[in-house]
Amino acid sequence: MIGNLPYFAVAALVIFGLFGAIFGRNLVKIAVAVSLVEAATNLFIIALGYRNGGSIPVFTQAGGYADYMVLPTPQALTLTAIVIGMATTALLLSLIMLLYRHYGTLDVREIRRLRG
Amino acid sequence: MKFRVFFVIAILVVGGLFWGAADAVHPFGNPGDVPMDGYFLSHAQRERGVNNVVTSIVFDYRGFDTLGEAAVLFTAVSSVAALFRGKGWR
Amino acid sequence: MRPLSVIVRTVCNAFAWFVAVFGVYVIVHGHLSPGGGFQGGAVVATFMALLLVSHGATKCLGWVRTNFFYAFEHVGLLTFIAAGFLGIGVTFFYNSLALSGGLFGSAVPLGPNGGSLNTSGTIALMNCAVGIEVVGGLSMILLYMMQGVFHVDKPTLRGKEEAGHDR
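Sequence lines, in order, name chains A, B and C.
According to this note's numbering, the residues represented by the first sequence are 1 to 116, in order.
According to this note's numbering, the residues represented by the second sequence are 1 to 90, in order.
According to this note's numbering, the residues represented by the third sequence are 1 to 167, in order.
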């Protein structure tokens with residue numbers, strides 16, 4: 001149980017993110033919650049590829065750690081996920097800015113109503 | 001109110017599934033024998049002549065992923081530009 | 001939006017260039033050290049973020065043109081695809097320059113080593129291309145979102161003076 005603590009941290013982050021995304025009333029807080037789920041996903045992928053005592057998978061000046069490295073593929077996939085998450089977050093915040101310009105509020109209960 | 005209770009129960013069920021799955025994956029820090037990553041670690045220097053194994057995967061072994069990633073970034077930037085285009089500033 | 005105080009402006013003016021140089025270092029050494037095109041590009045884009053934060057949007061938007069960064073983004077993406085087409089004789093995205101003895105083509109000693117810039121074939125080219133693309137893309141996102149702030153007509157502040165973010 002305590003050895004798998006990063007996985008439980010991932011589970012807790014996903015639960016918090018879902019709570020925030022569903023019950024949040026401010027659109028910026030919802031965006032933060034979505035980013036939290038993204039961060040939990042990245043943490044999960046990274047934690048899957050960790051080896052106890054392993055060094056980073058870079059051979060430059062590796063010294064004596066060259067024969068025991070953490071897994072490189074999860075890190076590469078996380079790199080992809082981080083950039084895509086950043087791009088989607090930028091688009092999300094832009095849409096929130098336009099919504100605020102149109103409605104004058106960030107409350108989802110107000111935005112739900114039609115406005116001519 | 002009914003929807004709120006439903007969502008709370010749904011989130012708790014999803015969280016319970018995550019909680020159970022966290023105990024079922026391999027123990028943290030011990031992924032066991034991973035042939036693909038072992039191949040990358042042992043062959044990246046010999047085949048591609050690169051020290052950074054992560055870079056060799058991102059740009060060479062899985063280059064298509066990076067092409068799609070660059071396309072996604074390009075699309076997002078173009079979308080932001082399209083949302084804020086015009087209105088006084090070039 | 002009014003600029004920040006003179007201390008912040010001076011520090012950002014000096015520090016932005018160091019950040020830019022460090023980002024270029026991270027991009028160029030992407031195949032030798034932790035980092036690469038995406039990370040280095042994000043660091044270089046901090047240059048524009050520092051200028052925008054310290055000098056305010058009104059002055060900073062008068063200094064730059066988005067077409068410049070748009071060209072950066074296009075050039076980066078096209079260079080990336082062209083570097084992928086270099087190995088079209090075997091397959092798309094084949095690393096034809098690696099270990100060929102030419103540009104970026106020298107072999108690397110197995111195991112831990114000091115590292116040489118002239119290795120890794122098209123990976124170095126792709127790092128630079130992706131770095132250029134990310135610099136252009138992130139700077140454009142920052143500039144356009146900062147410009148979009150002016151579009152937001154805050155109803156509570158309508159008719160009053162716009163609140164600066166300092167003083």
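Since the hints were made in silico from the structure, they are not lab data.
Be careful, since some hints might not be right.
[To be verified] Computed Cβ-Cβ distance ranges for the label pairs, DEER-style:
| no. | chain 1 | residue 1 | chain 2 | residue 2 | range |
| --- | --- | --- | --- | --- | --- |
| 1 | B | Ser78 | A | Thr105 | 25 to 33 Å |
| 2 | A | Gly24 | C | Phe18 | 35 to 43 Å |
| 3 | B | Leu12 | C | Asn118 | 53 to 61 Å |
| 4 | B | Arg46 | A | Asn26 | 25 to 33 Å |
| 5 | A | Gly104 | B | Leu12 | 33 to 41 Å |
| 6 | C | Ala107 | A | Ile84 | 28 to 36 Å |
| 7 | B | Leu12 | A | Ile111 | 21 to 29 Å |
| 8 | C | Thr91 | B | Tyr39 | 17 to 25 Å |
| 9 | A | Leu5 | C | Gly111 | 54 to 62 Å |
| 10 | C | Thr91 | A | Tyr103 | 48 to 56 Å |
| 11 | B | Thr75 | A | His102 | 22 to 30 Å |
| 12 | A | Tyr103 | B | Val14 | 28 to 36 Å |
| 13 | B | Ala10 | A | Arg109 | 35 to 43 Å |
| 14 | C | Phe85 | A | Ile84 | 21 to 29 Å |
[To be verified] So, partial list: chain A residues that the calculated Cβ filter (under 7 Å) puts toward chain C:
| no. | residue |
| --- | --- |
| 15 | Gly54 |
| 16 | Ser55 |
| 17 | Val58 |
| 18 | Ala66 |
| 19 | Tyr68 |
Quick reminder that beta carbons are idealized off the backbone N, C-alpha and C, glycines included.
Enumerate the violated hints, using their earlier numbering and listing them in ascending order. The structure conflicts with hints 4, 9, 13, 15, 16 and 19, although it agrees with all the remaining ones.
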